[in-house]
Each structure stands twice: as C-alpha cells, then as structure tokens.
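Visitor: For this one, chain W is given, so just place chains R and V on it according to the hints.
Chains as they are written, first to last, in the working numbering: chain W, 13 to 629; chain R, 4 to 172; chain V, 512 to 876.
Just so you know, not all the hints are guaranteed correct.
Cross-link-like lysine-lysine pairs, in silico, DSS-like; alpha carbons within 27 Å at most [unchecked claim]:
(1) R/LYS7 <-> V/LYS739
(2) R/LYS35 <-> V/LYS805
(3) W/LYS207 <-> V/LYS802
Just a sample of chain W residues kept apart from chain V, beta carbon distances all over 10 Å, derived [as the list claims (entries may be wrong)]:
(4) GLU47
(5) ASP109
(6) PHE127
(7) GLU586
Hints listed in this document are in silico derivations from the structure and should not be mistaken for laboratory results.
As the structure is a prediction and not an experimental result, all values here were calculated from the model.
Beta carbons are placed, not taken as given, at the ideal position from N, Cα and C, and that holds for glycine.
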Amino acid sequence: MDKKPKNLRPLKAIRYLFKKPKTLRYPFELKEPAERYRGLHLNDWDKCTGCGNCADICPNVAIEMKEIAEIEPEKGEKNERPEIDYGRCCFCGLCVDICPTGSLRLSRDYLHIHFDPNTFSLLAKDEKTDKEHFLPEEEYSIFKASLAHRKENYEGFAPDLIYALFDPERIPMSQIPPEERKTSFIEQVKGFNQKEATREASRCLECKLCEDACPAGMDIVDYIRNIWDDNLEGAARDIYKTNPLPEICGRVCTHNCESACALGYQGEPVSIRWLKRYAVDSIPLEKYQKVLGTEEIKSIGKKVAIVGSGPGGLAAAYYLKLMGYEATIFEKLPKAGGMIRYGIPEYRLPYEALDKDIEYIKSTGVEIKCNTTIGEDITLKDLKNEYDAVFISTGLHLGKSTGVPGTDHPDVFQAIEQLRKVTMGKEIKVTDKIVVIGGGDVAMDISRTLVRLQLQEFGVVDITVSCLETRDIMPATPEEIEEALEEGIDIYPGWGPEEIIIKDDKITGVVMKKCLRVFDEEGRFNPEFDAQEKMELKGSMVVEAIGQVPDFTFLPEEIKKGLEYEGRRIKINEYGQTSTPWLFLGGDLARGPDVINAIDTGHKAAKGIDRFISKNE
Amino acid sequence: MNKKLAEELELIFKDIEVSTPEDTMMEVRAHKEQVLTILGFLKDKGYNHLALISCVDWIEKAEFELVYILTPYLQNYEAYKEIGDIHLKIRIPRENPETGTVIPIFANAEPYEREIHELFGIKFAGHPRLTHLLLERDYAIPPFRKDFDTREYVKDVFDSIPPIKGEKK
Amino acid sequence: MKELELYFGPQHLGMVGNFSITLKVEGDRILEATSNPGYLHRGFEKLMEYRTWIQNFPLVCRINVVEPDHMEMVYAMAVEKLANIEVPERAHWIRSIYLELARVGSHLFGLWAYSNMLGFDTVAQWAMYHRDLILDLFEELTGGRVYHIYIWPGGVRRDFPDGFADKIVKTLHSIGKCVPDYDDTFFNNPLFYERAHDIGKITQEEAKEWGGVGQVLRATGVPYDIRKVEPYAAYDKVDFKIPTRKEGDAYSRVWVIRDELIESVYLIFKLLDKLPLGKVYNRVPNPFKWKVPKGEAYVRVESSRGELGLYMVSNGEDKPYRVHFRTPSYPHGLTILEKVLKGASIADVGNTMISLYVTAPEIDR
Chain W
13 MDKKPKNLRP LKAIRYLFKK PKTLRYPFEL KEPAERYRGL HLNDWDKCTG
63 CGNCADICPN VAIEMKEIAE IEPEKGEKNE RPEIDYGRCC FCGLCVDICP
113 TGSLRLSRDY LHIHFDPNTF SLLAKDEKTD KEHFLPEEEY SIFKASLAHR
163 KENYEGFAPD LIYALFDPER IPMSQIPPEE RKTSFIEQVK GFNQKEATRE
213 ASRCLECKLC EDACPAGMDI VDYIRNIWDD NLEGAARDIY KTNPLPEICG
263 RVCTHNCESA CALGYQGEPV SIRWLKRYAV DSIPLEKYQK VLGTEEIKSI
313 GKKVAIVGSG PGGLAAAYYL KLMGYEATIF EKLPKAGGMI RYGIPEYRLP
363 YEALDKDIEY IKSTGVEIKC NTTIGEDITL KDLKNEYDAV FISTGLHLGK
413 STGVPGTDHP DVFQAIEQLR KVTMGKEIKV TDKIVVIGGG DVAMDISRTL
463 VRLQLQEFGV VDITVSCLET RDIMPATPEE IEEALEEGID IYPGWGPEEI
513 IIKDDKITGV VMKKCLRVFD EEGRFNPEFD AQEKMELKGS MVVEAIGQVP
563 DFTFLPEEIK KGLEYEGRRI KINEYGQTST PWLFLGGDLA RGPDVINAID
613 TGHKAAKGID RFISKNE
Chain R
4 MNKKLAEELE LIFKDIEVST PEDTMMEVRA HKEQVLTILG FLKDKGYNHL
54 ALISCVDWIE KAEFELVYIL TPYLQNYEAY KEIGDIHLKI RIPRENPETG
104 TVIPIFANAE PYEREIHELF GIKFAGHPRL THLLLERDYA IPPFRKDFDT
154 REYVKDVFDS IPPIKGEKK
Chain V
512 MKELELYFGP QHLGMVGNFS ITLKVEGDRI LEATSNPGYL HRGFEKLMEY
562 RTWIQNFPLV CRINVVEPDH MEMVYAMAVE KLANIEVPER AHWIRSIYLE
612 LARVGSHLFG LWAYSNMLGF DTVAQWAMYH RDLILDLFEE LTGGRVYHIY
662 IWPGGVRRDF PDGFADKIVK TLHSIGKCVP DYDDTFFNNP LFYERAHDIG
712 KITQEEAKEW GGVGQVLRAT GVPYDIRKVE PYAAYDKVDF KIPTRKEGDA
762 YSRVWVIRDE LIESVYLIFK LLDKLPLGKV YNRVPNPFKW KVPKGEAYVR
812 VESSRGELGL YMVSNGEDKP YRVHFRTPSY PHGLTILEKV LKGASIADVG
862 NTMISLYVTA PEIDR
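Looking at chain W on its own, in the form it has when it is part of the complex (with noise of 0.2 Å):
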C-alpha cells in the first residue's frame, strides 16, 4: 500500500475551469428553502389562545407572550401573543411541537434585514391577520425583505400531532356499559386508579387557561401538579381553597375547564373532573379535618343564617365556619344537598359521595336544620332578628311549562318535580311510551331515570327526546347526550311541540313543528317555526324539561319591595349583596344554573357577608 504515486492525473482538474460553476449566485440568485425549512415564525392569531406553552418550552427564553389590546378575549383565552425575539430563538422548532392549537407554525422565510436591532423581535403573524407585511411571492425581494417585509404562502416546518410533545389523548376512563349500566342506579363512572390518575395528570401543560375558564377560579393545575406527584393531600388542600364540594364538582361539574383546556383544541382535553374526584375519593372522610387543617375553628361570635342546602349555601356556610362564624343552615326538604341531590340521578352522584362532602362541612361546625320551610316554620324576619346577616340560595325547583294545548293533562309531568320524587324514594308514573320535551341536562337526567325505571316495569326502552336546538347547540353536555343515546333514548333535535294529542283523555302523542331558529339575530330567545313541516312523537306520558324557576313565595312583600331588580332578577353586587345589606343572594338565583357558579356565587358571599359583618359595608 505505501508506494509512492507517480503520474500526472492531478492535471486532470483542469477540466474544470471550462465547465459552469455549481454554486448560486447570492443575492441576485436566491435559495429555495426545503419544505420542512424552519425560518421565521407564523402564528395564526385566530387559533392561538395566548396559552403561552412556546413561552414555557423555548430553551433560549426568546419567547414574551405580548397582550394584544385589540384582542378581545373569550372565556378561557388569553388575549397574548407570542413575539420572538431573533437574537435569541435558535430556530429548534419546539415551539410548533408544544403548540396545543396548532397556530404555531415555521415559515421558510429567513431573510430579515434591518437597519435596527429593536425590530429583530418580531409578533409572529400570518397573511390572514397582517396583510401589510406579507406579500405575494410576485412582488417579494430583497429590497422588500429590508423592509421587514415576508412572503405569504410560505410555511415551512409544520406542526404534526404524531410528534407533538404533548399527548393529544386522554386516558380512557373505565364505565360500566350502557346495556349493563340502564338497568340500575349504580354510579356509571369507575374512576381513576392511581396509575391511570398519574398518567392523565401528566399530561397537562400548566397553561393555566382552565383556571381562567372556571367559574370558582379553581387552583387546578396546582392541584393537578400535585396528584401527578402523588400528594393527594396537597392536591385536596389545592381544592379546598375555593370548592368545599369536590366529590359532587368530580362528577358532575359542567366542566367549564376542559372545554377552555388547550389539548381540547386539537386533542382530548385533560380529565380535569375525573381528576379531582380521584383525589378526593382517595381521602377517607375521617382524615379530612386533620388533612385540611380544620380541626379547631376559632368562633368570633357573630352569627350568619343561610337559606337552602344546595352547593351555594354549604359553599357560603363552610367558608363563613372558616372564618369564624357560626353558620346556620334552613332546608326545606327532609335531607340536604339540594338541587344536587333532588335534581341529580343518582347514576351521576350517589348519594354517598354527596353525603361525604355535606358530612366534611358539618363535621366542621355547621349545622343543617332540615324539614325547615322559611315563611312556615320561621320567618324571615325572625331570621334578620336573631343573625347578622342572611344569605339566600333556595335555587330554581319549580319547572317552566311549555304551555301548548294539552299540557294541564294530569299525565303531562314536570321533569323537576320527578327527580325530586325518585330521590324521596316515591314512586313516578311510568309508561311504556315517553315524550320528554327539553334538550339540557335536566331532559337528559330525567329520560335516562326513565329508561331505568321503564326497563324494570316493562323490560323495554321507548323514549323520545325533543328540543329546538339542533344536535349541535344543545345545551347539554356532550357525554350526556352520548350516554343518552348509548341507553336507547331517540333524540329529534330541531322540534318544537305544537301540541299534545289526548284521545279519550289519554295522551297518544305530541305534535312537532320544525324549529327553523331558536335565538334571534341579537342573541335572545325567539324560536322561528316552519308551520308546514310537522311530524308526531307517539307517547302515553310527556314530561316537560324546558327549564326551572325560582320560587320566592317565602320572601315577605316589605321585603321584596326593599330589593331591586335588573330584568327579571334580583339585582346584586359582585358579592351577592342586594339593596337590603344584611340580605345575601347565591346559588342558581344568582349565576348558573349550574355546581360550580353555585359555589363560586356562595364563597363570594361569604366574604361579603364578612365584609358587611365586620366593617358594615
């Protein structure tokens, strides 16, 4: 091998000097970039949620999340931008990986020239927010690209779920089959065990964007932080902060969190419920004083009435007891919970972990006086006479009819009413043939109550379930409305009844018109119907589920006249407090209807009352 050479090829090289060079003429002869190039950023301001996850990730701290004043930002959206700052980003692309909505994106521009240092930070936009500064390909050049000037259409390193950095995916949650499941009340929902609890809680990306979403303002990815570290203690002190009622808010919460979750855009949000009930289902009720530090409350003397035991007046009178008060609790019907417990089947809330979270609270001090109707067994004056202060938050339990011929037939029911019966243990009319006319979780709880009951009776399931809404603008929650359909209940969206059909004083149907709208241009309830499309609903019983209201029978007239009102509501303060100081308001005639407005509704009370107790305000 280690001969020495001799010849002359080398000279062979010249050859070269008569061919065309193969390198590019820059500038005048520009680089086409790869397709996967990663240039400078794209951010699609539609899409992006201001979640500030490229922040987070960003190796090189090249990413400030800018607020945007025009930006007007919906419930669980931030009105933030990412800008990127090009002394710094190293163009690694882990950004576009984390982007939860996918707005991020790399374009195959590379080209930024400037005479000043401060423009090389730049708000990533695309052609559709900023049309000023992308132009198209036919009229780019350098000279343009000098002036800060991009090409549109240009995008470059995408982003892909399959390698996205987070996990698009949920872990699935175990239930019982809708065939096993509509035979009985059993709770549908297993839970997480602790791997599976971890495994989801993992996933989360602490963008905080639930917290804004939720209506308690709920410390959830402390708490979620703190289940993936297996500190369920710390997870349930995270939860107490703001909600005394998570066994009820892990089940049934509208989940307001994981609608605004970021992984829901393009993935499966966070099992966020699911979540916090894991972590307090794994707390015995006998370590809850001791866990949440509530074993010894100071009293400061002073005294506070509440009026319903729904989730808005435990949450009032549990954060009053912390405080110090002695909370006192008036409930009308012989066991307390409320709406929670008289409007919720027990399928979706066994009265158990209800039971576990009423328990908790009275454990603490206060107490709960049932069978107690205010106007009947005390009055309200009496009340303002021996506390300082009342707080009201007696819900919405009498139902709204619809009102169309028929509907004062003694089979004609209201869904409200019947739930409150089943969970009295009182026997409901059942038939072989049901209407149930509503489209919110009300009709949703009631018809799969009656499949229950009619698969027991009649071992057969014939609901039909109408609403104006079509599918997609039905006010009740997705999974219900699936586990409805799972059970075998017909759903006919886009109806609205005309009337029902009594032949010999027996209901033989109801009569649907098609609803061509249900809100008007400005956003209020104004249904629009198609008179000529109509089809009949056969049925022996309908039961109505169109919404609740209030009943305020108990409130005395020199009271009522004290108070003032904004449209058909009790006008009060972001406190709760209306125009008569000592009296509070909460629950669902505040905000909701739903759990967690309640809660909110009573903890803001709470330290209203407090307010106005200690420094008369």
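Guide: Below, chains R and V alone, put in the same frame as chain W:
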C-alpha cells in the same frame, strides 16, 4: 459478564463493592488509595482503554464522586459481551478534595484530570501540570460545582457592564 | 540555536477551528508543544443542568459544529436508557441512515480542511461543494442545514418526506461519480504522499497507550469501531467493513477517512434497501412534567472522529444532574498531538493536527 473477575477483585482488594447493574457493565466502588492499583490490575486484565474520568458533585452528601470509565479495545460485540465495561467509582469529601493521579497507568488521563481540577477544584497529587485547560482564570467557586449558580454569575458579571451610550435599554 | 516560544493559532491558516498550540522551538524543530483549548468553551454541560430533558435536545447538537448529529444521538440514547424508552424499529434505521449521512458530510468537511491546509484548493472546493449537497439533504429531512435537531428521545422528529430515499441515492451517486477525480487529484497525487507520509507517525501500541480511537487507531491497524463493538441503532442488522491501514501516519489517516467515506455511502445504500415501514416516534411524557428516574448511564457511538460517549446522571428530577461528554478529540488533541509534535518541524503542525482530526468545539464543549 465477567463473574470470575468480580470474585478476583473482591479477593485481592479489601473493602470494595463490586456489582453488575447492567449486563455489560460492572461497577466497582473503592477507596481513593486503591484506584491506581485497581486500574493497573484491570489494565492487565484487558481493560486497556480509559474512556473517561468524570466527576459528580453530590452536594447533599458533601462528596465528590470520581468515575473512571474503562471501555476495552475490542473488535466485535461477541468479545465485548464477554468482558464489558467497568465503572470504577470513588468518593472523596468536598472539603479540600484530593486524590492521586492515574497518569502512570493511562496517559490520556492527563487532560481529564486537568479538567476536573479546573471545573471542580479537585487536586490530583502527582499530576505534572494542573494548569488551566478550558478556562482563563480562577473562580471563587469552581464553576461546575453545584453551588456555582450560572445564572447568578451571569447577572453579577454582565449586569454590571454599563450600557453603551445611546443604546436603548 | 536560540530557543523560541511560538504561538500557533487560533488565527492561523493551518489551523481549523478555535484552537491554538504553544510551541517551544529551536530553529524549525519543535522541542515541546502545548495544546491550548478553551477558546470555544461554552459550558454546555453546566447549561444542561439548568434545562429540562427536552429543552436540552436543541442544545446538544451545538456542542460540535461539524457534526451535530452524533451529539444528538448520544443524548437521545442516554435519556432513553435512563427513562427506559423504546424506539420504534424504523426510527433505528432512519437514525443509522442519518448518522451515516452525517459521517459523509463530516468527512467531506474534514477533507476540505485537510486539503485546504495542504494547499489543494481545488479539492477543498469540491469537498465543500459536495458537503453542501449533503446539507441540502439534511435541510429537506429536518428543516435545518447545520443544526438539524432531529434525533430526539423516543425516535426521530419527523419521518422521511416523500421520495427522500431516492434523493439520497441520487445525491450520493453524484458525489460517488467524483471519487475518481478526488483520487486522481488528491489521494494518488505524489505531492500529497510527499507531504503526508511519515508525518505524525504513531505505532499501534502508542495509539492504544495514549487512548487513541477512530481513524487514529484504525490507521495503525486496529479495527476498533463502536458500531461493531457495541452496536446501536440498526448497525447490527447490516454488514459493513471497517477500513484500516498499518502505517499510523497522516497519510494513512487521511486514506482511512477516504475509505470510510466510501464505505459509509455503501452502508447508506444497504440501509435504504432494507428500511422497514412503521412509526418513527414513541411519544415521551409531557415536557413540563417529565422526571427521568434516578440512575446513571454511559452510552457511546462511533462519531466520524471516533468513540463519542456521554456519561449522564439523573437524580430523578426534571433536569439532568450531571452531563459529561467524552469526545474523541480529547485524547487526540490534548494527549497525542502534544506527544507526536515533539521533534516535528513547524511546517507539519497543521498537517499533524488536522490529520488527527481534532475539532476544537468537541474539546471545549
């Protein structure tokens, strides 16, 4: 893995711990006085390549761990499977850390020891030139120790430089 | 004759990269040489202790500018070993192809450095041009030309784009067609032989004694190659040769580089032939909530310069506790270079250094 060698090592050297955390890796925990003899012994046994000397600052235990990684010069996986790698580990206190050099056994230990001396402040007795290798000056705390905070340092050093006149802050 | 101290580099035509050698000379004979690294020390290993497991991944490739890819590979391997992450089969093969492309690119760069230093400007330009073609491939695959940020824990970052395999083959053929030109003008050029033979000569025993790896060891006749010793990626599934020579001087080292380059091209063809289908990435945990279990790992690959290792310690947190790269330029540039320069002439310093394939950023880290 080399079971016989493990037994032999434990027989010859008192007070060492031999374990095999991986199929092709043997871990030997010894005292700093033994390093030179163990390495010499292992080199004769075919562990003839010192791949790396590394140092880990276990600040909570107030110890430095020196890791001598031996990856023998072999030519195929079959041979490698038989004898594998050896990680020889010693622990020395963080206070006035000092140990002996292994240059007499492995000549390429020289720059590794120099680097560890520079970045962790460990003295290697018998090393011919413990001068700067990568850095240009001494630091109050050797920079790779855990109590040296890079971000603090950057703040202290660079935030004190006055801005250029007319530059926007 | 008078003894002088001479500073060779970091600004010197014969010096590639930010590295310098302090020479003690008498006439043009070198009495003592001292390597002087540190011009590029960025403290990467310390920086990595401040960044999460995923944030470190765009960082590691920057350690060695010339071939970032093997750095990515060792990092991914270490994390995978510590966190027990499985890599899909296709990802293993893509990694191998990608790493071989990196080897080709790096060797072409090395060829540029060496021929440029010797004054073979024509060959240097060719090598640079051909390296650019490889960079075009990387751009197409990963979106970046120099820092590819492609191999990450769990697999690779994106699959091959459509028709990419054909593009690799086409590019490599166009480079392969020029091999006779390279041979005629450079490798078989008597001037190269005259300048390089017997320069920086070391024996096999010396190479082993001083911790030589890669071409330095292979040029003395030892086929030591991590791809064979401890196969990673898909290297155990294909057959390839390890080129060696006996002489142990600069001439044979550069020839080994040339032979390896050609062997790598063949290897890529073989890998492409058998490239399996399937997914290329197993999702790693959410980067904001990823704690790698306690433990330590030493992993190594055969970079284009030799045994590249990574010693990593995790204490169960979201960031590594200690990262230490073992780079082949360490023994070559700091131990062997100093030893072989003793007694050499000043004119051969650059020649020796570049033939030892020393890369400053690898030493400094």
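Visitor: If a hint holds in the structure, say so; if it doesn't, say that too.
Guide: Here is how each hint holds up against the structure:
1. Note on R/LYS7 and V/LYS739: the hinted pairing holds, with a Cα-Cα distance of about 25 Å set against a maximum of 27 Å.
2. Restraint check for R/LYS35 and V/LYS805: satisfied, since their Cα atoms lie roughly 25 Å apart, inside the 27 Å limit.
3. Taking the CA atoms of W/LYS207 and V/LYS802, the gap is near 15 Å; set against the 27 Å cutoff, the hint holds.
4. With a least beta-carbon separation of about 7 Å from chain V, W/GLU47 fails to lie farther than 10 Å from that chain, contradicting its non-interface assignment.
5. For W/ASP109, the shortest C-beta to C-beta distance to chain V comes to about 8 Å, within the 10 Å cut-off, and the non-interface label is violated.
6. With a least beta-carbon separation of about 26 Å from chain V, W/PHE127 lies farther than 10 Å from that chain, consistent with its non-interface assignment.
7. The beta carbon of W/GLU586 sits about 34 Å from the closest Cβ of chain V, which is more than 10 Å, so the claim that it is off the interface holds.
Taken one by one, the earlier hints fail for this structure at numbers 4, 5, listed in ascending order.
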